[in-house]
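Q: Fit chain B to the known structure of chain A by using the hints.
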Amino acid sequence: MAGLMAGFGQYTHAVVRGIPASLAQEALRSSQAEVDLDAARREHDAYAEVLRTRLGLEVVELPADETLPDCVFVEDVAVVCGETALITRPGAESRRRETEAMKEALKDLNLNIVEMTDENATLDGGDVLFTGREFFVGLSKRTNQRGAEILADAFKDYAVSTVPVFEGLHLKSFCSMGGPGLIIIGSSEPAQKALKIMQQMSDHRYDKLTVPDDLAANCVYMNLPNKGHVLVHCTVEEFPESVKVFEKLKDHMLIPVSNLEKVKVDGALTCCSVLINKKANM
Amino acid sequence: MTTEAGSETEVKENAEESAAPPDQSEQAKQESQEVANAEGEEKGKEKEKDGKKITRYLPTWFKKQKSQSQTSPTKDVQPTEEPASKATEEEEGPVPEVNGHAEDVEEKEEVKLEQVKEAEAESHSNASTDTEPAKEEKVEEGAERSSDETKKTKEAEGGEEEKKEKEQVEAEGEGGDSQTSIFQSPLRLVRKTKMKVVVCHVALLDGTDFTCEVEKRAKGQYLFFKVCEHLNLLEKDYFGLTYKDNHEEKCWLDPTKEIKRQIRSNNWQFAFSVKFYPPDPSLLTEDITRYLLCLQLREDVASGRLPCSFVTHALLGSYTLQAEFGDYEPEQPRPLDFISQLTLASNQNKEMEEKILELHKSHRGMTPAQADLQFLENAKKLSMYGVDLHHAKDSEAVDIMLGVCANGLLVYKDRLRINRFAWPKILKISYKRNNFYIKIRPGETEQFESTVGFKLQNHRSAKRLWKVCVENHSFFRLNAPEPPTKAHFLTLGSKFRYSGRTQAQTRLASSLIDRPAPSFERTSSKRISRSLDGAPVISITEAGRDMAENGREPHLELHSDSKSRLRVHGDNIYVRHSNLMLEDHDKTQDEVLKHQASISQLKRSFMEAPPPSPPQPNQWEKRLTSSPASIRVQQQQVVGAPQTEAASPDNTISKPKEPAKTTEVEIEETVVIQEVSKAAKPGLVTVTIASDAEVDAPPAEEQETQQDSAQVEEEVAAEEVQQGKPESVSSESESEDEAEYQPEVSVSISQTQIPEEKEEEEEPEKDDRDKGAEEQVSALEVPSLPAELSHPAEETIQEEEEEFRKEETDAEEKTAEKEKESERETEESTEDPMVTPDEAPDSPTPPVETVAAAASPAPAEEEEEPKVNGEASLVEVEPRPQVICCSEPPVVKTEMVTISDTFAAQKTEIATKEVPIVHTETKTITYEAAQLDGNGDGEPGVLMTAQTITSESLCTTTTTHITKTLKGGLSETRIEKRIVITGDCDIDHDQALAQAIKEAKQQHPDMSVTRVVVHKETELAEEED
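Heads up: the sequence lines are chains A and B, in that order. According to the working numbering, the first sequence holds residues 1 to 282 in order. According to the working numbering, the second sequence holds residues 1 to 1025 in order.
For the record, the hints were derived by calculation from the structure and aren't laboratory data. As the structure is a prediction and not an experimental result, all values here were calculated from the model. You can take every hint at face value.
Below, computed lysine-lysine pairings styled on DSS-like, alpha-carbon distance capped at 30 Å:
| hint | chain 1 | residue 1 | chain 2 | residue 2 |
| --- | --- | --- | --- | --- |
| 1 | A | Lys-156 | B | Lys-413 |
| 2 | B | Lys-455 | A | Lys-196 |
| 3 | B | Lys-244 | B | Lys-393 |
| 4 | B | Lys-455 | B | Lys-250 |
| 5 | A | Lys-141 | A | Lys-156 |
| 6 | B | Lys-250 | B | Lys-393 |
| 7 | B | Lys-393 | B | Lys-455 |
| 8 | B | Lys-361 | A | Lys-107 |
| 9 | B | Lys-413 | A | Lys-103 |
| 10 | B | Lys-413 | A | Lys-193 |
Covered stretches of chain A (chain B as the covering partner; in silico rule of three or more C-beta atoms under 8 Å from a C-beta of chain B):
| hint | region |
| --- | --- |
| 11 | 147-155 |
| 12 | 198-204 |
Now the in silico label distances, taken between C-beta atoms and shown as ranges:
| hint | chain 1 | residue 1 | chain 2 | residue 2 | range |
| --- | --- | --- | --- | --- | --- |
| 13 | A | Gly-7 | B | Gly-304 | 21 to 29 Å |
| 14 | B | Ile-513 | A | Glu-119 | 55 to 63 Å |
| 15 | A | Glu-167 | B | Asp-399 | 27 to 35 Å |
Ideal Cβ positions, reconstructed from N, Cα and C, are used throughout, including at glycine.
Looking at chain A on its own, in the form it has when it is part of the complex (with noise of 0.2 Å):
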């Protein structure tokens, strides 16, 4: 039995969810951008590779739901630490159903599920920020105050500290973990600034990898037998000059994965999995 807090980014299981048709359309943005519904099945086809075949992760692949345009991005909808998840109640109205099917599933891995009731509370995953010693919780359009706190109870272990969040859709729309003790972060000034309060509200200290491009500061960062530290990022057509600087990881096993399409809808690397770690129980 590992200790509290042991194994930050290691995971044994991911769910994802398929694209449905209506995403093209459908799916909530803040750009006007229009989305190839191929390239984005066939980014995000990629993408589950990735977890599955190089990094062996055991895929829980949820059939797409025409009804739920934005439904691919199942990190809004749970957020997974220990053996404990916590079905959000995301923010955007018409997500709210997207909670059904995973927590259908994420009861079959034998999770302890808690579930967001208070319809006063909101909360989209991709605002929580799990640097492994705490929770980072953006308070953004999408996650309010007692989101975050009903999310503090479910993870009384940890500390939970509300960032605001000024620009972006998500706080991880601008950061996210490359690693134990370090935090990936965009350049921008809001991105800046929030790190600073993160910086000020936490007792531990974060090492920052700050690069060029918010955008690509979401990376999706596991700690995996046999392969080490692994960090799947934007490809060099996206953000070359982010590139450049997760090249300079030097310990890291660094994985492009191209994300153009799903962007368009808002849609970053890490909004497309939960990641699990069921090893104790295995």
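A: Here is chain B on its own, set in the frame of chain A:
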């Protein structure tokens, strides 16, 4: 011997106590322990299923005790231990007589505070019967006096005398004891007097109860060390004793203070707890320390104070099982109910228990010590580990929690962390009334400090939080504890400082521990209900005292810029050492440029050492001896006269010139005393100092419990003078009080310490005051005070404080009082509102003086007689006639203004730009009817006094309001003094504040200062030099 060097030192400190009492107490303790053990055994047998364990446990424990006792150096001289008479006070007998005084003191104190209580408390003791009567008598006397005072002016003096006596007694109690012990103790070791011994019950972390006897006047550390000795604990700095105050709030027992004065009840029940949670328990040296920490954390988890997830809960529980019972034994499955006995979790259920057992299995082979360590390694990662939460409200009245921990101050809303202030970011910690403030170091991009304020439930809460912060910061961040008083830093209010060892020190000490790992019995943690609830003590006075544990806590608010929002709240300000502060420079918030000026000023005043003025003490002495070079200006107040301006050179002050500042010092003193005859008077003193000039605003605030506002007024004028003189003579209790508050003009506020809570003016405060006074005295900078105003000392005051310059002020007050008669203290009718620069050559004052003189036949005059100093030439005082409006016959107050050499020096400095020759003082005293009557209690009276002191650079106006109210049987007197100092030069508002407070204290020893507000208004352009 488990006792460490620390303990020894302590013992030394408490000469008397340490000498004989400890031994005795030890013996007594042993005995008591035996008894306790016996009881414990019984209980254990009855309750404990695992009787075996307990029985095992007890014997060893018992043995330990004996062995220790043997080893402990006990004085055989006092061989007779009253084996049977544990409870009886007579056991105290062995205690040296030195206590005789102490007893008296105690008696008095108790009388007021605990009259009722004590009777009960001591009732059980035989000896008590004898003593009690005496106490009662005293009490009665006191009451009589008080009543008389209210009615008769002269009697008022008597009241003051009482005060003095009390103070003295108290002084003796603390300082005096030591002295006595030093000199007399040997002789007094004779058991004549019976030291009162009290039985203390200490709830230990393993759920057992530790009983020991301590001398009634023992300090907290004595009991604490006895407990640690009992526990065989060497790394004791992480722990402490708690008690519950009258409000059922858990408080830490201050090791440096007498227990009795802290608990304020007859319920001598305590709990041994972890005070500082080591961030890395693996660095602890001894397993026993970790074990105790585990016990604490088990309780924390079980009680919900340390929240954790289901899984963590189970994990911790499993380590507890492993530590307590060893490897899981399948054939002997422990019933779930068994586990639940351990109170591992507050919300235990079957699932939890099964999880615990499941995990327990995985710990096979783990030793208890290893299990404890694993327990701690997991517990320490919990976000709320070691976080001491306090309820509060933010500026918008939103409920939040403030968490104090090793790293700093955390702000929570519900369960969310919404802010965090690491210790390095905090420049200053203070509280005022129920407000708690932290001053934040500016961030990288910020230019100004910001102050964040929180509202706590009440004053006690604010104080408690403040103390916790001070202690946590000191323990975790300092290499060595901060001395109580720092000359260079502002320390308003409480002198309270962490007195123990810091973590760095304790770690060092721990590394030197050289003993075989002590064996200790783990007990299945079946806790005896730990109720600290004692019978609530009811004495009203005590309530007031509660606050004062650490001495007075005057609430001081310094509003650096009345205009700008910068405010420095001085009630209790804890300024961190620079070395600590330098660590992080994060700039959090932007502040207005305007504030900057004010801030900078504040910085100077607070952070900088007082202006380069000669050591105050010297000056004080000089003054006391009638310093040669000082020019004294007499201020005379004419009652009934509108306003007279008395030139007061005093204002000119040495401190660096700062833009005009307005400093308001409001001191609210609230003393509620059951009055049979007396009316408790909370006095509010508001001192507003607006200084354009360099003059250090010498706002004086005075609170007279019973005394009337008149005194207050006088004080204002006198403040300056007093400041100079203030009672270097710490010997006098009164002076002590003053000292703490001393806002000596010259002295920067930073130097002055203000007792934490003035509310408890009574005994505890006095003690503090004494200490503080001494300290302050040393710190006082005479030079800073340009002129000393000596007011005719009031009779009462004079008597008490002849040494002090207060006389002058007192005199004034007295005069005022007399006029009103309502004030019993009206010593001398002479109230000379005017300040006459006797010597001042050009002073236009002469006329004024004459007037004043005429008006004031005050006795004080004698004292006040103007002194001509060589410097006089330098400083010219123009006394302006002061008019005092009184319904009653006009009273003239005479104030002495003394210009010290230092002042001259300063003046010279100033001279470059300014001509400091003419000083004018104006005082106006206005009485508003009601109090005309001698009986203050009967009619609420309002006394208004306005005093203006003007020098070239400074103009000081003092306004005093006195309000009396009758509530039920209690009469409250509230004195509010407002001092406005306006000057071109720098004003040392800090000093002014200090002075004001000091004066207030001096003048109104009976009253407590409840509020001090300082407003500063500064004009940047005016900055000089």
